Amino acid sequence: MGLKIKLIAFALGLVFFYVVLRNVKRNTFSPSYAVLWLSMAAFLLSIAVFEPVYKWGATHVIGIFDARHIIYITLIGFLLIYVFLLTSMVTRLSYQVLQLISAIAILEAKLAGLSKPHTGAEKGDTEPTSRGR
Amino acid sequence: MKILVSVIAYNEEANIRTTLEDLRSHNCGFDTVVIDNGSHDRTAAVCQELHVPVVTHCINTGGSMGTVTSYFNYAYEYGYDCLCQFDGDGQHLATELPSIIGPIQRDEADYVIGSRFISKVGFQSTALRRIGISSFSSLVSSIVGHKVTDVTSGFRAYSRKVIRFFGTQYRYEIYDTSQLLLLSHFAGARIAEVPIRMRERVYGKSEYGLRDAFTFPLKGILSITGALLQRQQIQVGRR
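These protein sequences, in sequence, are chains Y and D.
Note that the numbering used here has the first sequence beginning at 985, numbered continuously upward.
Note that the numbering used here has the second sequence beginning at 24, numbered continuously upward.
In case anyone wonders, no lab produced these hints; they're calculated from the structure.
Note that the coordinates shown come from a computational prediction; the quantities given were computed from them, not determined experimentally.
25 Å max Cα-Cα, derived DMTMM-like pairs, lysine to aspartate or glutamate:
(1) K184/D - D104/D
(2) K242/D - D110/D
(3) K143/D - D110/D
(4) K25/D - E1092/Y
(5) K1094/Y - E44/D
(6) K1094/Y - D64/D
(7) K25/D - D130/D
(8) K1094/Y - E72/D
(9) K170/D - D110/D
(10) K25/D - D104/D
(11) K184/D - D130/D
(12) K170/D - E131/D
(13) K1094/Y - D104/D
(14) K1094/Y - E100/D
(15) K1094/Y - E196/D
(16) K25/D - E131/D
(17) K1094/Y - E36/D
(18) K1094/Y - D110/D
(19) K242/D - E196/D
(20) K25/D - E100/D
This is chain D alone, in the form it adopts within the complex:
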């Protein structure tokens, strides 16, 4: 099985080296690519120094969701069977990769979420964000009929089925992790969640600021509504 770990990064000069070295020292047979979302610093240069391929956006395409199109296109282009999103800010641990990839290797799931809130070990995020995540997770769980605890987790893995869906069929912008999960679910992906540990970022700050605390819920609800409205169209396309 061809596995790709896609490291997403934006101005992560200070963190990317540690992240890539962590991946290198715990490589269990996967390939790595960095999706650099138009960084102004030396993120891409550091990747090149470490001889890791880097796909550099000529301009920044928004938050982490702006890299999703690129890594799906890349994974589809190179015929990967499994794709894993891995944050370049050092929050994700390479030792947790086998847990995320495992259900796809065993053909038990097509969309695997690494959840911080199952074993509740390691970095748990702020209280305000946890309330938001919990609300959206409950909403998404009720739609997919499967308990999801960390819908916004950036530590995710996708099977070939999901890669093909976003690489060929669904050619629209993806705004939100809830939308991504729901669209995958409607496309026939089996959803699974595994417990993982995360750590707090060492350098820099999160892409989410105070303004996002207000806009995120609204955008999230609209993205979920949009996905629900597209449900039938996606399910027809599956047949």
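Looking at chain Y on its own, in the form it has when it is part of the complex:
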């Protein structure tokens, strides 16, 4: 692996570290997601130091003979994990938003004085129900 690619990876690692830590400080990054990004930054930084180890692992364990590919594969792997986590989070948030919309809508109907469902033909011919949660 050439010196140039090592330097680029190292510089990118430093930028990642700085950006992630700054976001953690500002509370714009959840720590659980910051861990993943920091791992990616650590990996980029480690390439400069542990390049022979990665090279050995790439050729002997995985079977990748060009060690540079390990960088691409690892980064794509990180991104896939991250996208997977985001999909899970979006699904959860989507349902929470749905529940909130539903709760607000029911509450608004209550506040509007129309919470008691209409029975029969005329308005106000029944008392509000006392049953429920």
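Following the hints, put chain D in place on chain Y, whose structure we already have.
Below, chain D without anything else, positioned relative to chain Y:
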């Protein structure tokens, strides 16, 4: 028995008045609420003019399935024993309500589907959609061990058991009618189907477009797979 008819509507200004008047003139002792899924038109205003309670979503939550969470929450909140979904587009007939609610009143079923394809009278939908409905109905029938002919029917009734399940236990989004039926079945609901008549909508167009012809089967299969994977978890929760 406290019965709630939940009318679901999205931009149904032109149809909702007729629908609510139909329900009013054939009221056999049920309460009515309209779940307005964030309409941009006067749907909610028309309901208020008719003094019918309306639960208005501040934003649209998708197709008709986006209203399911709200009507289950509402029915559970107010302690209803029976809940019936009724479309606000005028396709459903209030005269058919006793057929749908009957099996629940007699404690014969917990999930009743109003099927267009038993007596084959009235509006039958397009040929392409009928093929899709038939395929999904066969698939769902093989899972529940009970013949279902109109799994996507929006004319459905649920007992207290199903209301409680979706109001308290199953707190996730529901994407599809097949999923709703299967989850109810796994939660111990007895499924029944009754013949009903439907009519074609007078104004407006269906929420399903050409794109849905391709995405609907995929989503349906995934929803069924998801429900099957959740089966054990639901059955454990029942005990």
